[in-house]
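Make the full structure from the sequences, and use the hints.
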Amino acid sequence: DAKTTQPPSMDCAEGRAANLPCNHSTISGNEYVYWYRQIHSQGPQYIIHGLKNNETNEMASLIITEDRKSSTLILPHATLRDTAVYYCIVRAGNQFYFGTGTSLTVIP
Amino acid sequence: GAVVSQHPSWVICKSGTSVKIECRSLDFQATTMFWYRQFPKQSLMLMATSNEGSKATYEQGVEKDKFLINHASLTLSTLTVTSAHPEDSSFYICSARPLSGSGTDTQYFGPGTRLTVL
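Protein chains in written order, with this note's numbering: chain A, 1 to 108; chain B, 1 to 118.
Treat the hints as calculated values from the structure; they're not laboratory data. Remember, predicted model here, so these are calculated numbers, not experimental data. Think of the CB as a built atom: it goes at the ideal place given N, C-alpha and C, for glycine as much as any other residue. Where hints are given, some of them may not hold.
[Claimed, not checked] Far from chain B, by Cβ distances over 12 Å, these chain A residues were calculated:
1) Cys12
2) Ala13
3) Gly15
4) Ser28
5) His49
6) Arg68
7) Pro76
8) Leu80
9) Arg81
10) Asp82
11) Gln95
12) Gly99
13) Thr105
[What the hints assert, rightly or not] Interface residues of chain B toward chain A, partial, derived using beta-carbon atoms under 7 Å:
14) Ser43
15) Leu44
16) Leu46
17) Ile93
18) Gly101
19) Thr104
20) Thr106
21) Phe109
22) Gly110
23) Gly112
[Unchecked claim] In silico DSSO-like pairs for lysine-lysine, Cα to Cα no more than 30 Å straight-line:
24) A/Lys3 with B/Lys14
25) B/Lys20 with B/Lys55
26) B/Lys66 with A/Lys52
27) B/Lys41 with B/Lys20
28) B/Lys20 with B/Lys66
29) B/Lys14 with B/Lys66
30) A/Lys52 with A/Lys69
31) B/Lys64 with B/Lys41
32) A/Lys69 with A/Lys3
33) B/Lys14 with B/Lys64
34) B/Lys55 with B/Lys66
35) B/Lys41 with A/Lys3
36) B/Lys64 with B/Lys20
37) A/Lys69 with B/Lys41
38) A/Lys52 with B/Lys14
Shown next as structure tokens:
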């Protein structure tokens, strides 16, 4: 079962930062947080993952709170192509269990 | 890198027939592949975990005799939906976890296969 909760939807103005929150209050010490996104009728695309330190790559930044009970995915300059459903996943062993995700709409 | 393909991308079949979906890791080897199902406006549901050379592990509620999984090589896994019925119509997505390299903790997903059973 999914161990994360996310707001069902968010809007963001094009060119602004999109901050997507995720709660994972029951996360264990050795469980990673992963973020994927899914554009309509496509397979999920990997974005970023982390354990306890903040992470940054060419797509996004991941901020994990010190107690690891929540995290935020940051898209620094949202574009229209970032409109998608964003999934926050806590990896349980070998498997990923997807929650309901956040539908992000980037508005021109 | 880390590209996963699926074939076919869409298929329409008659009720009672069987359909095979292929999942290939194109530029890496994968000991573990996963199969998911996604109904309209819903999230992905894990169906089974497949390890090369061994039997798949199915999630609770997934019928192993209906959804046959074969993982015969490090780059190919197949899902066969046997005696398909309209309620099996769904978007089937596979993912693969690299055997080596920097992405061994990550799953890379295929583009999905849209199955419609008439």
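These are the hints, each one checked on the structure:
| no. | hint | verdict |
| --- | --- | --- |
| 1 | Cys12 | holds (21 Å) |
| 2 | Ala13 | holds (25 Å) |
| 3 | Gly15 | holds (28 Å) |
| 4 | Ser28 | holds (15 Å) |
| 5 | His49 | violated (7 Å) |
| 6 | Arg68 | holds (17 Å) |
| 7 | Pro76 | holds (22 Å) |
| 8 | Leu80 | holds (21 Å) |
| 9 | Arg81 | holds (17 Å) |
| 10 | Asp82 | holds (18 Å) |
| 11 | Gln95 | violated (6 Å) |
| 12 | Gly99 | violated (6 Å) |
| 13 | Thr105 | holds (15 Å) |
| 14 | Ser43 | holds (5 Å) |
| 15 | Leu44 | holds (4 Å) |
| 16 | Leu46 | holds (6 Å) |
| 17 | Ile93 | holds (5 Å) |
| 18 | Gly101 | violated (14 Å) |
| 19 | Thr104 | violated (11 Å) |
| 20 | Thr106 | holds (6 Å) |
| 21 | Phe109 | holds (4 Å) |
| 22 | Gly110 | holds (5 Å) |
| 23 | Gly112 | holds (5 Å) |
| 24 | A/Lys3 with B/Lys14 | violated (38 Å) |
| 25 | B/Lys20 with B/Lys55 | holds (17 Å) |
| 26 | B/Lys66 with A/Lys52 | violated (41 Å) |
| 27 | B/Lys41 with B/Lys20 | holds (24 Å) |
| 28 | B/Lys20 with B/Lys66 | holds (12 Å) |
| 29 | B/Lys14 with B/Lys66 | holds (16 Å) |
| 30 | A/Lys52 with A/Lys69 | holds (10 Å) |
| 31 | B/Lys64 with B/Lys41 | holds (25 Å) |
| 32 | A/Lys69 with A/Lys3 | holds (11 Å) |
| 33 | B/Lys14 with B/Lys64 | holds (21 Å) |
| 34 | B/Lys55 with B/Lys66 | holds (14 Å) |
| 35 | B/Lys41 with A/Lys3 | holds (20 Å) |
| 36 | B/Lys64 with B/Lys20 | holds (14 Å) |
| 37 | A/Lys69 with B/Lys41 | holds (27 Å) |
| 38 | A/Lys52 with B/Lys14 | violated (50 Å) |
This entry does not satisfy hints 5, 11, 12, 18, 19, 24, 26, 38, going by the numbered hints stated previously.
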